[in-house]
Amino acid sequence: MFKTYIFDLDGTLVDTEELHYQAYKKALSEAGLTLPRSDFIQYWLNEGKGIAKYFKINNINEEAQKYRLLKEKYFLENLPGKIKLMPGILSFLKSSLKNKKKCYVASGSRLSEIKEILKKAEISEYFEDYFGLDSVEKSKPAPDMFLLALKKADSENDESLIFENSLNGLLAANEAKVKCVVIPSEMTRNMNFGQFVKIVDNFENITENFLNKIYFEPYEYQ
3 MFKTYIFDLD
13 GTLVDTEELH
23 YQAYKKALSE
33 AGLTLPRSDF
43 IQYWLNEGKG
53 IAKYFKINNI
63 NEEAQKYRLL
73 KEKYFLENLP
83 GKIKLMPGIL
93 SFLKSSLKNK
103 KKCYVASGSR
113 LSEIKEILKK
123 AEISEYFEDY
133 FGLDSVEKSK
143 PAPDMFLLAL
153 KKADSENDES
163 LIFENSLNGL
173 LAANEAKVKC
183 VVIPSEMTRN
193 MNFGQFVKIV
203 DNFENITENF
213 LNKIYFEPYE
223 YQ
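Per this note's numbering, residue 3 is the first one in the sequence shown, and the count goes up by one each step.
One or more of the hints may lead you astray.
As the list claims (entries may be wrong) - Only pairs whose alpha carbons sit at most 27 angstroms apart, straight line, appear in this in silico BS3-like list of lysine-lysine:
1) K5 - K75
2) K102 - K154
3) K140 - K102
4) K140 - K96
5) K153 - K68
6) K28 - K154
7) K5 - K27
8) K5 - K28
9) K215 - K75
10) K28 - K55
11) K140 - K5
12) K28 - K96
Treat the hints as calculated values from the structure; they're not laboratory data.
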């Protein structure tokens, strides 16, 4: 059976994608850009390219890092006191802890954001460690973040399972050669994940039988 679970954060564990969008929108407005929701979904959630690519396609000659830090500032300033969990996740985490699974977070957010989100969502205790945008040289869809989690967990690829909500994350899981379950969020439910991907509505539908089936069945890395 699986020994290690690796979770995306925003839109998978917690309902925070809208908060990220609003923070990016505010930060980019200071560079004279308007960020439509559709562009945020395409360039951040779908492709994982973010500010640098968005500046390039809009011919903005600004330092991307300056605006990443500005976005981080706005995001942390506007985090609510308590963050909403995605349906079924708390029960799943409790069950995972009881069954001695190693759980990690691998997110495209920055470490400071991850720490505050886990704290305000009151789920820090369920995770061995977490990795973010500033943990690796290349973020999703590169596999670096997941490979780092596997190394820290001392876990083989076939002993591990990734939970994601975006195409960007699924591509990273495929590159890492780790099986992945997709739980689409409101912002990602219209993405084309491919016909062979395991997709469920929420963690309430992830049963022991479901996990056993994924573990033993052949898996196609698209």
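Status of the hints after comparison with the structure:
1. K5 - K75: violated (36 angstroms)
2. K102 - K154: holds (16 angstroms)
3. K140 - K102: violated (30 angstroms)
4. K140 - K96: violated (31 angstroms)
5. K153 - K68: violated (31 angstroms)
6. K28 - K154: violated (35 angstroms)
7. K5 - K27: Not satisfied, since the Cα-Cα distance of roughly 39 angstroms exceeds 27 angstroms.
8. K5 - K28: At roughly 41 angstroms apart (the allowed maximum being 27 angstroms), K28 and K5 break the hint.
9. K215 - K75: Not satisfied, since the Cα-Cα distance of roughly 43 angstroms exceeds 27 angstroms.
10. K28 - K55: Holds. K28 to K55 sits at ~17 angstroms (cutoff 27 angstroms).
11. K140 - K5: Given pair K140, K5 holds - Cα atoms ~26 angstroms apart, limit 27 angstroms.
12. K28 - K96: violated (36 angstroms)
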